[in-house]
Each structure stands twice: as structure tokens, then as C-alpha cells.
Amino acid sequence: MIKINSKNVDVFYGKKQALFNINLDIEENQVTALIGPSGCGKSTFLRCLNRMNDVIDICRVKGQIIINDFDINDKSCDVVRLREKIGMVFQKPNPFPKTIYENISYGPTIHGMAQSKNEMDEIVENSLKKAALWEEVKDRLHEPGTGLSGGQQQRLCIARAISVKPEVILMDEPCSALDPIATAQIEELIDELKKDHTIIIVTHSMAQAARVSQNTGFFHLGELIEHGSTDKIFKNPENKRTQDYITGRFG
Amino acid sequence: MNKNKEKLLNSRYRAEKRFQFYGKSAIFLALLFLTIFIFKIFSTGYTAFQKTWLIVPVTFDAETMYLDENPSKEDLEDADYFDLALQTMFNLDKSASEKQQNDLKRMVSYFFEREIKRELLNDPSLIGKTKDVYLTASDDLDQVFKGNYPRDLPEDQRRVTDYQLKIFDQLVEQGRVESKFNLSFFTYPDSREAELAGIASSFMGSIFSILVCLVIAFPVAVLAAIYLEEFAPKNRFTDFIEVNINNLAAVPSIVFGLLGLGILLAVFQLPRSTPLVGGITLSLMTLPTIIIACRASLKAVPPSIREAALAMGASKMQTTMHHTVPLSMPGTLSGTIIGLAQALGETAPLILIGMVAFVNTIPGSPLDPAASLPVQIYIWAESAERGFVEKVSACIMVLLGFLIIMNLFAQIIRHKFEKKWS
Chain A
28 MIKINSKNVD
38 VFYGKKQALF
48 NINLDIEENQ
58 VTALIGPSGC
68 GKSTFLRCLN
78 RMNDVIDICR
88 VKGQIIINDF
98 DINDKSCDVV
108 RLREKIGMVF
118 QKPNPFPKTI
128 YENISYGPTI
138 HGMAQSKNEM
148 DEIVENSLKK
158 AALWEEVKDR
168 LHEPGTGLSG
178 GQQQRLCIAR
188 AISVKPEVIL
198 MDEPCSALDP
208 IATAQIEELI
218 DELKKDHTII
228 IVTHSMAQAA
238 RVSQNTGFFH
248 LGELIEHGST
258 DKIFKNPENK
268 RTQDYITGRF
278 G
Chain B
1236 MNKNKEKLLN
1246 SRYRAEKRFQ
1256 FYGKSAIFLA
1266 LLFLTIFIFK
1276 IFSTGYTAFQ
1286 KTWLIVPVTF
1296 DAETMYLDEN
1306 PSKEDLEDAD
1316 YFDLALQTMF
1326 NLDKSASEKQ
1336 QNDLKRMVSY
1346 FFEREIKREL
1356 LNDPSLIGKT
1366 KDVYLTASDD
1376 LDQVFKGNYP
1386 RDLPEDQRRV
1396 TDYQLKIFDQ
1406 LVEQGRVESK
1416 FNLSFFTYPD
1426 SREAELAGIA
1436 SSFMGSIFSI
1446 LVCLVIAFPV
1456 AVLAAIYLEE
1466 FAPKNRFTDF
1476 IEVNINNLAA
1486 VPSIVFGLLG
1496 LGILLAVFQL
1506 PRSTPLVGGI
1516 TLSLMTLPTI
1526 IIACRASLKA
1536 VPPSIREAAL
1546 AMGASKMQTT
1556 MHHTVPLSMP
1566 GTLSGTIIGL
1576 AQALGETAPL
1586 ILIGMVAFVN
1596 TIPGSPLDPA
1606 ASLPVQIYIW
1616 AESAERGFVE
1626 KVSACIMVLL
1636 GFLIIMNLFA
1646 QIIRHKFEKK
1656 WS
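Line by line, the protein sequences give chains A and B. According to my numbering, the stretch in the first sequence is residues 28 to 278, in order. According to my numbering, the stretch in the second sequence is residues 1236 to 1657, in order.
No wet-lab data here; the hints were simulated from the structure. Take the hints with a grain of salt, since some may be wrong.
[Said to hold, decoys possible] Some chain A residues judged to face chain B by a derived CB distance under 8 Å, without partners named:
#	residue
1	Asp96
2	Val107
3	Met115
4	Lys119
5	Ile137
6	His138
7	Arg187
Backbone N, C-alpha and C define an ideal beta-carbon position, used for all residues, glycine too.
Start from the sequences and build out the full structure, keeping to the hints where you can.
Right, here's the structure in full:
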């Protein structure tokens, strides 16, 4: 099943074009990895999917991105609703400088998802459990989230993202600031999360893309060179450039 | 080659040593000046916290007060204490000539009649009895007792006559002169008589001005800063506004004084010499300081926090109010306090809007005429009497103490509440 369907997406930073005519379909309840060398536009594309590029004044997005039969670039699209449905995890862990509990409860609070304190406690507990962080923090929910280790902070950010039960989770190099053990934990978590969520992950590590994803898109110089099942991209790429990148000849 | 290298290395080390020496000398010099300054102020000013009293026996003679037998409380209130007061002083030297009697009268503050009255009102049973009463010494004798007044000048160049000195020395010998903590310096308003002058009116004036300034400047500045930093589009017009806010911060304070004079007093007809007008004028000055501090601390909030909130589906407004603004508050508040501290020390604009007037009442609201601490320093520094010299320094001490406390508070807020970013 196709969850996200992007058609002819162009992105401009001022006069400079960053993405050229991207057409990419994202499968539901699967992990799609976006790979490519630095500056190839994979993060830019990811940020199109929850309209985070709106924050950048000079950035313009053209084309259609259709999620649930609805073009999110349409004027009638409400970004607040959209971002409730499409969560995001960033490159560097960025918990709010508040308690662990408040970090998780923030989303459900602003979207009015809990009617009582008990319901909220439940959401917090479930989110932390799904992010495999509950056992480590259940005794210190009211301590600052910034006091956790890097890997724990990133899992806290994932728990925060899933607290509002998004359909899609965007991950922008979620492991680039983490050590191998923390990375392994996150990857395990991603595998677990794909049961309930559609996941799109930008990564620099081809090994990671091969490990966690079912589909892969390869970006180069603002173009989507090739996409398809991860197996095919890594074992039998059609395009020369994809092959060169995967075999480490550039990038 | 090697030798050259060694030479170069040595000269690099020497350059660093020289630089450190310059730096240390600069700090030493700065500390030296500060020490001299503080020493000077303390050594001139500390005597102002002591006040000299003459202990004089008063015979509360009903006849001299023109009181009937068994006077009521009201009678005592209304009684005429003038003759009793005079008689008390004349009793110090019963053989005094008329001119000498005049000298005797001027050994105490002109207020002393009321000091005698208060004594009797406290204890009406004193009528017909004699009691030692503390009377405030005149400012000249006060200075003599503190050793600030040269006694060896020729008499015609002194404000204290030989006769007064003689009587005073007798009193000192009898233990009838006492120095006590000068509470009235803090509780009395300004006065033309140095021994009675206090900072209560200017202190309250300063407090009211600062409060008015805070109430006006803080909300306006914070709203302006939040809008400019978080919401306003970045274009030429907002750039223009930003440049002008920075310009406003550099405008000499006296210009704001003229603005207050020309607009608040002349056009809006607000009451002259009041902390209300002073506070509004100062708020114009404080406004850019707070805007700049608030914008700087909003800028210092990492963009990742805003992105985190936005990605959770918070609206722009929620992101700003729930995350950015609370995180910027420590910086904003400490900037505000520093801006207020600047306003507290401001003199020129207040002189222009008339807060330099002689005010001998303690203001009860921002609508009553008042002076302010720095203006009080200016007023006293202009006065000729020797008694005011120490008052100037004492007032500076109070003002500096106030400023130090405020700045300390700003530091504490910044260090205690500022979040550490991971």
C-alpha cells in the first residue's frame, strides 16, 4: 500500500534549486531509507513531508505530496494537523529542557488527547515502553530530560514523536550523534515501530540503510537517481551512479 | 636555522609575557581607581550615619506653656512650646547677653521645639518636672563634634561662634553630648537644614519612578522583542526598525528628558516633578535596553527546540509561548534589571522634568512630587553647608548599594535559571 505519493517535487532555496522533480512513493508500514552523499537533498525532501521547510523563509516547495488522498502542499492543508499525523525525529537529540514526563506529555496536551491525569500517565508510559526507554527512566520521570545520555535522549525524542500516535515518522539521521550500542538500540526500535507506523529514515550509513529498511531511495545532486526495494538497490542497482556510491567509489 | 627558530620561539614567549603584564597592569590600575573611589566615599560619608545630640534638662513649666491646670491631650497638642524651648536653651547659661542667647538658640536644630513637645506628649505627667531631653544639635556643631569642622579658623570665618564652642565644650565635659545612629537620615525627607535632611523622599521617589518604568517598559519591550524576533518577516522595514531600536539605546538621556518635558508635561499636562512623569521618561530610555536583551536571549534559544515543538504540531504561537519565551526569560529579566539599574542612576532627564525641586514631604504615590536618589546627590552637592558634604557621600553609598544589589540579583537570575543545552 502506498502511504505517501510525491509528484514532481521541486524545492528552491532562494534562487538555488535544491531538489529536481522528485517522484517517490512510500510504502505503508515499511521502512524507507533515503541515502546519498552530503548536500544531495535527502534531508530537504524529508522536511517537505511535514512541511518543516515552511520555517525557512527563503525556501519554496513546488509539486504535489499526497498523503491519505490529500495534497499537503495545498493551501487548505493545516500544518498543525499534518504534523500531528507525521512525527519527526531529528539528527541531534533535542528534548525540551523539561522533565521526561513533560517531554512526552507535551504533544498529547496541545492536541487534547488525554481527558484525565490517568489517561496522560498511560500515554506517557506506553510511549516510553514503545521507545524501549520505560525501564530505564520509570523511577525518574520528573527529572530533566536533558540529564539523560545521548542514546536515551534520542529514544526520548522518539517516544515524544510517537506519543501523538502519528501515522508516519520521519527520522533525519537519528543515529549520527550516537555510539554503536545506542545506534543498535535505535535500529531495533525502528524495526519494532514499523508495525504501527510508516517510517522514513535519512541516513549516511549504507550499512544502516541495508539493515533497517525495506525500500531505499538514492539521491544525488538534488535528483532521485534510483529507488526500489533495498535488496535490489544494494545487490543489483540499475544506475551506474548508484552502484558507484554503494560500492564506496564516491560520497 | 635551528638558532633562528629558537630565537623566534623565545621572542614569541616574551611577547606573551609582555601581553600578560599589560593585562595585569590594566586590571591593577582599574582596581586601584575603584579602591580610591570607594575609600574616598566611605571616609567622607560614614559620619553621616551618626548624628550628634545635646542632652539638655527641660523643665516642663506649665506657666511657660500657658497651660491651665489639668490640661487635656488636646490642650497639650495645641500648647505653645516656643517660649519653653527658648527658656530651655537660655538656661544653659543664665548670664548670657541677648546676642549670646541668640547663639544658644542656634546650637540646636530649629526643629527642637517639636522634639520637646513630643517628649511631653509621650508622658504628660512630666508637667512641673525636669527631664533630660535629647535635642538634635545644629549641623555646624554636629560637624565640629565629628571633627569635620576646623576650630582653628578665625572666628569671623566660622559659622560657629567662640561662645557656642565654649558652651558646647562644657556640655561635652558634662557628658551631655552624644552621638547616635542617624535614623532620621533614612526616615526624614529633604530639608534645608543639613542635620534634618534625609533621603526618604528621594528614596521613595526613586522606587516609584522605577516601578512606573518597569510597568511600562517591560511589557512593551518584551512584546516588541517577541514579535520582531519570532514573528516579523525579515525585510527592509524590520531591518530599519532594528537599526532604530539600536539607535534609541544610544540616544543621550537628556534628550529623553526634553521629550518628557515637551510632550508629557507640555502637551499631556501630567503633574510636574512626579515619579509618574519621571518613570515614563525613564521607560523610554529602558525600552531599547530590554528589547535588545530580550531579543538576544530569544536568539540564544537553540533552533532545535523550536523545530522540536513545531514538529510535534505546536502552532507558531504555542512554540513561542510554551518554549522559546520561557527559555529566554532569565536573560530578559537580568537585562531588565540592568536596564532598571541604569534608569535608577539617571539624573539628567529627571532634572529636566522637574524632579530636582526641593521636596520636603515623603511621596505616598507616583503622583506626588518627589526627587530621586541621584538628583538628591546633585541637590546636596550644590548646597554650601558643610553638613551636606557627608550627606552626598552617604547618599552615593545608598545608591551604589542599591545598584550592587540589583546587579547581583540579575547575575543570580541568569546563573540559576539559565538552562544548560545538551
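Chain B contact restraint on valine 107 of chain A - CB to CB distance below 8 Å: Where the cut-off is 8 Å and the nearest Cβ of chain B is about 5 Å from valine 107 of chain A, the hint holds.
Interface hint outcome for histidine 138 of chain A [beta carbon to chain B under 8 Å]: Nearest chain B Cβ about 6 Å off; hint holds.
Restraint outcome when isoleucine 137 of chain A is required to lie within 8 Å of chain B by C-beta distance: Holds - the Cβ of isoleucine 137 of chain A comes within 8 Å of chain B, reaching about 6 Å at its closest.
Hinted contact arginine 187 of chain A with chain B - closest CB pair below 8 Å: holds, 7 Å
Restraint satisfaction for lysine 119 of chain A [CB to CB of chain B, less than 8 Å]: holds, 6 Å
Agreement of hint aspartate 96 of chain A with chain B interface, Cβ distance less than 8 Å: violated, 20 Å
Methionine 115 of chain A as an interface hint toward chain B, with CB separation required under 8 Å: holds, 4 Å
Hint compliance for this structure: hint 1 is the single one not met.
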